[in-house]
Every structure is written in C-alpha cells, then in structure tokens.
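S.K.: The whole structure should be built from the sequences, with the hints applied where relevant.
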Amino acid sequence: MNTRRYFMEWAETANIKGVQNIEMARFLNIREKKYVFESLHSMNDSVDTQEYFQDFISLEVQRYHIMENSIIEVENACEEISLAVEFCAKSPEEKQKTSFKINANLKDYLVKTDFLWTNQENTAPFAQKTHYLFMPSYLKLAPKELSLIGLNSMLLDLMDYSSEFSFHDILNLVSDALGEEPGNMRDILLEYITGQVLYYRTFLVAK
Amino acid sequence: MKFIQSFWSKPFEDDDNRNNWNYRHHGGFPTSFIFYCVWCYSCLSIKKYYPSLHLITDEVGLYIFQELLGLPYESFSRDLDALDDYDKKLWALGKLHAYRIQEEPFCHVDGDVFFFGPVLNAVLAEQVFCQSFDHNIDQYTEIHSYVHDHFNSVPIEFNATLDDKIKLINAGIIGGTDVELFRFYTKKAFELIDHNRDKIKDINVGILNLYYEQFLFSNILTEKQIEPSSLFKSNDRGQNFAAFHDIPGKSRYIHLISHFKKSTEFLELAVARLISEYPEYYDRVKTAFDKGWL
Numbered sequence: 001m002n003t004r005r006y007f008m009e010w011a012e013t014a015n016i017k018g019v020q021n022i023e024m025a026r027f028l029n030i031r032e033k034k035y036v037f038e039s040l041h042s043m044n045d046s047v048d049t050q051e052y053f054q055d056f057i058s059l060e061v062q063r064y065h066i067m068e069n070s071i072i073e074v075e076n077a078c079e080e081i082s083l084a085v086e087f088c089a090k091s092p093e094e095k096q097k098t099s100f101k102i103n104a105n106l107k108d109y110l111v112k113t114d115f116l117w118t119n120q121e122n123t124a125p126f127a128q129k130t131h132y133l134f135m136p137s138y139l140k141l142a143p144k145e146l147s148l149i150g151l152n153s154m155l156l157d158l159m160d161y162s163s164e165f166s167f168h169d170i171l172n173l174v175s176d177a178l179g180e181e182p183g184n185m186r187d188i189l190l191e192y193i194t195g196q197v198l199y200y201r202t203f204l205v206a207k
Numbered sequence: 001m002k003f004i005q006s007f008w009s010k011p012f013e014d015d016d017n018r019n020n021w022n023y024r025h026h027g028g029f030p031t032s033f034i035f036y037c038v039w040c041y042s043c044l045s046i047k048k049y050y051p052s053l054h055l056i057t058d059e060v061g062l063y064i065f066q067e068l069l070g071l072p073y074e075s076f077s078r079d080l081d082a083l084d085d086y087d088k089k090l091w092a093l094g095k096l097h098a099y100r101i102q103e104e105p106f107c108h109v110d111g112d113v114f115f116f117g118p119v120l121n122a123v124l125a126e127q128v129f130c131q132s133f134d135h136n137i138d139q140y141t142e143i144h145s146y147v148h149d150h151f152n153s154v155p156i157e158f159n160a161t162l163d164d165k166i167k168l169i170n171a172g173i174i175g176g177t178d179v180e181l182f183r184f185y186t187k188k189a190f191e192l193i194d195h196n197r198d199k200i201k202d203i204n205v206g207i208l209n210l211y212y213e214q215f216l217f218s219n220i221l222t223e224k225q226i227e228p229s230s231l232f233k234s235n236d237r238g239q240n241f242a243a244f245h246d247i248p249g250k251s252r253y254i255h256l257i258s259h260f261k262k263s264t265e266f267l268e269l270a271v272a273r274l275i276s277e278y279p280e281y282y283d284r285v286k287t288a289f290d291k292g293w294l
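Sequence order for the protein chains is X and L.
Numbering follows full-length UniProt numbering, with no gaps: position 144 of the first sequence is 144.
Numbering follows full-length UniProt numbering, with no gaps: position 228 of the second sequence is 228.
You may find that some hints are simply not true.
Distance ranges between label pairs, derived from CB positions [said to hold, decoys possible]:
1. Asn172/X / Asp15/L: 54 to 62 Å
2. Ile188/X / Pro248/L: 19 to 27 Å
3. Asp134/L / Ser91/X: 50 to 58 Å
4. Pro51/L / Glu79/X: 26 to 34 Å
5. Ala206/X / Asp87/L: 51 to 59 Å
6. Arg183/L / Gly183/X: 54 to 62 Å
7. Ser276/L / Ile188/X: 23 to 31 Å
8. Asp187/X / Ser234/L: 14 to 22 Å
Bear in mind the hints are in silico, worked out from the structure with no lab data behind them.
Cβ atoms here follow ideal geometry from the backbone N, Cα and C, with glycine treated the same way.
M.R.: Pasting the structure below:
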C-alpha cells in the first residue's frame, strides 16, 4: 500500500482470481479522456484549449509514470491516511497552525524525476529548472499556473530547510518564489497542501 | 422512508467485459476486493444515518453480503433472481427491478455512495428526488435514432426531441413518495428490453443501459411536468463528488462516479476508511478472500 502500484498489488493479493492491472488509470479510454478534457474546458474557455490539453496530458503521463515506477516505503499507510483525514476535518484556521514534514521516502525520486515537459526523463538531475508536481484534480487551476511553483524544487528546498515546517514557512517560500503577496496565495496554497496531504501524501502531518 | 441498495450478480461476474467502461464487471472497479471494501463502507456509512436500509439482491448476493460479510441490512431479499434470464450486459435492470417492486416511499442508494451526515433529509419528503442533473443529452443522439429505426417496438415514452429541455437525472440516490410513477417508468423500461431482446447483440449495450435508465425517466418527468428535487443544485460538472478533502465540513456526500472508480487516490481512501472505522468488516472481506470464499 505504498505507491499506487503497490496499492493495487496489495489489493490484488487479496483477490485470488486473476485481476488485470490498470495502467494510466485516468486514460483508460477515450470517454474518460473526454470527461477530463471537458471538465478542463469548462474551467476556462479563454485559453488555447489544445495547448492546455496537451499540457494536461503531459502532466498526467508524468504523474502516473512517477507513481507507477517509484517505491515509497511507508510502514503504515493507514496511519498516514488517518492523520491526513484528521487534518482535513480541521477548519482553515486550524490547518494553518499545523506542522508538516515532507514524506522522506519521496526524496530520492524527487531528485530522479526531474522531468521535462516533454515527458522525457531527465538524465542530468538538477540541470534543468523543470517542474514535478502532483495536481489534485479538484483544483480549478490550469496546469501551467501550478507548474510555475516548481514544486519539486520547492520540496527539496523545504527538506533542506527543516525536518518540520509550518504552513507559513511554505507560504513565504512560494510567495517569494512567485513574487506574490502571501495574502494572495494563502487560500489556494492551503487547498493545494490539503490535496498533497490526503491524496498523494507528499506532505505528512507532523505529529 | 425505506432505504434500499441493490446488487445483481450477473453483470458483476461478466468476465467477458473486464475493464470495459460500458459494463459493470466487478461493479466497475479494478478489482473485486476493492469493490467489496467500497460496498461495505457504503452500506455502513448509510446505515449510520438511515438505519432502515434493505438489500435487494439475488442468490449470489445473499450469500456474499448476508452469510460471508454479515452486513447489517435490516432485510435481505432475493428478488433479483427474477432477472436470471436477462443478458448480463443489461446491468441497469437490477436497479430498475428494485424500484419496481417497492410499495412504499423509498430511496435507492448506489453501492459506491458514502454519507458523512444525514444529507438526504432535505429531499426525502418529495414526490421524486435524485442526486443531481446533467445536460449531456448529446450522448443519446446515436442510440436514440438507432432504437427508433431498428427496434421491433418502442414505447412512446421514449419519443422525444433531444434538446436541453430534458434535465437528465443522476441516480446516485433516487426515490420519492410517488411509487406509482416509478412503477410506470420501470414498466416502460422493461417493455423496451422485453420486446427487443433479439436486438441487444447488435448495439453498444452500455449506452442502452443509460438510455432506458436515465433518458427514459428524465423524459417521463419532462412530459409529465414533474420537477424532481435534487440533492445538488449545480449540474454534475460543477460538483465534485469525490471531495474527500472536505469531509466532514463542506463535503458530506461522496459518490465514486465514472472515472473515480479507477482513480487509486480515491480507492485507497475508501479502503483506508473502512479499515480505520469498521475494522471488523474489513477483516471479514480479507478473510473471505484469504480463504477463497470470494
């Protein structure tokens, strides 16, 4: 129950009947693609939708590639999820008082998966200012806007900064990087981190 | 108000259509193990707020949900044994048969819906209610003309001009006080199938299921000028039905619609929540698999 692949394998060990793997889960067939793309389309009609979709495809391919090929060694995923569920049940004010830590098991592949937009694995980690990220699907943001944050670099910076950090540490780091007022970033970053904590466990809630 | 869930085992065991979006092999989930975990969590989360919960199933379902898993339904019935002669690809018939045998106001809840509060209270007294609306009428363009051009006999309730006047209902939850209306609707759906069994093999049965389930009911409501109450006011595209991150504050209703059943981030949460909140039921699922009973 570590990566998505491990979760599926774990589920399948309980199932003695043959089970097929799901690969590229969001893109099993054209109808699912259409669903996702139409959702995207409805978010913002003013952008070049074709380019927008291509970005989204690259992003999803990248995300699944990372998820399917990396091992996150987590002793007890359920405990992590329980902590994440408790965190999600808090008010925004309480969430902002929470301390986080980066999931240490991510560090190796944060470095290894310094991907280009072209979906080619970077053979020279650190050489490119590229962007790795997990995008919660509920966020009403274009992939490009999120990619500006350069989440992988941010995560690595955070890990160097401290083993535990507050929401305001993250907020200051991101707003400095983007040249934005922290007040303008607060809500969207909180929502983003909530998704990371619950769905991807990139961030863990510090006990 | 009587709350019901329904499980018809034939589509679930449709091994010819594994991982096919249009059918319901393993309930549409990637593995049967996850399906059973999700079903247990659904039953238990509904039962927490609406204790009068009943399961309508067949012989196989009775064995699984009553004998093996011991889910706390108030009653179990084998009424879906009546569908044994129907094609396993006609997965929506199970739900429709469950509606048509009701004799009192009811609410049917899908097995991939979870409650985190008494969310249905606002709609339960209504004549007809549903989860939400969609407006994707275009999906029926092809099947609508095909059915009318090629089927042997089509009830007039399927006649319609495909336009936005028809508010398509999402039946994640569905029910109401007008039991006669549901009886009429399901009668027409079964008429379409019963009079055209020889045509089923020629078409995309996935969309046919939606046609006699969603389109028909929506069209009947439009023709009868009945405005159903909806749990959610915005249409499906404006609503996030898997907002686990907002539980229990803003989000008290989760429905793993369509592609959510394939998204491991959501499946993982459903399983983890079952383990965390109802460990004894998770253990029963696990044991049943370990021993080869499922």
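S.K.: Each hint should be assessed against the structure and marked as holding or not.
M.R.: Going down the list of hints, with the structure as the test:
The given range of 54 to 62 Å is respected by Asn172/X and Asp15/L, whose C-beta atoms sit roughly 55 Å from each other. A C-beta distance of roughly 22 Å is found between Ile188/X and Pro248/L, which places it inside the suggested range of 19 to 27 Å. Asp134/L and Ser91/X have their C-beta atoms about 32 Å apart, which leaves the hinted 50 to 58 Å range violated. The given range of 26 to 34 Å is respected by Pro51/L and Glu79/X, whose C-beta atoms sit roughly 31 Å from each other.
Judged by the Cβ atoms, the range 51 to 59 Å given for Ala206/X and Asp87/L holds: they are separated by roughly 55 Å. With their beta carbons about 58 Å apart, Arg183/L and Gly183/X fall inside the hinted range of 54 to 62 Å. At about 29 Å, the CB distance of Ser276/L to Ile188/X agrees with the hint of 23 to 31 Å. Hint check: Asp187/X to Ser234/L, Cβ distance near 20 Å, so the stated range 14 to 22 Å holds.
Violated hints amount to a single one, hint 3; each of the other numbered hints is respected by the structure.
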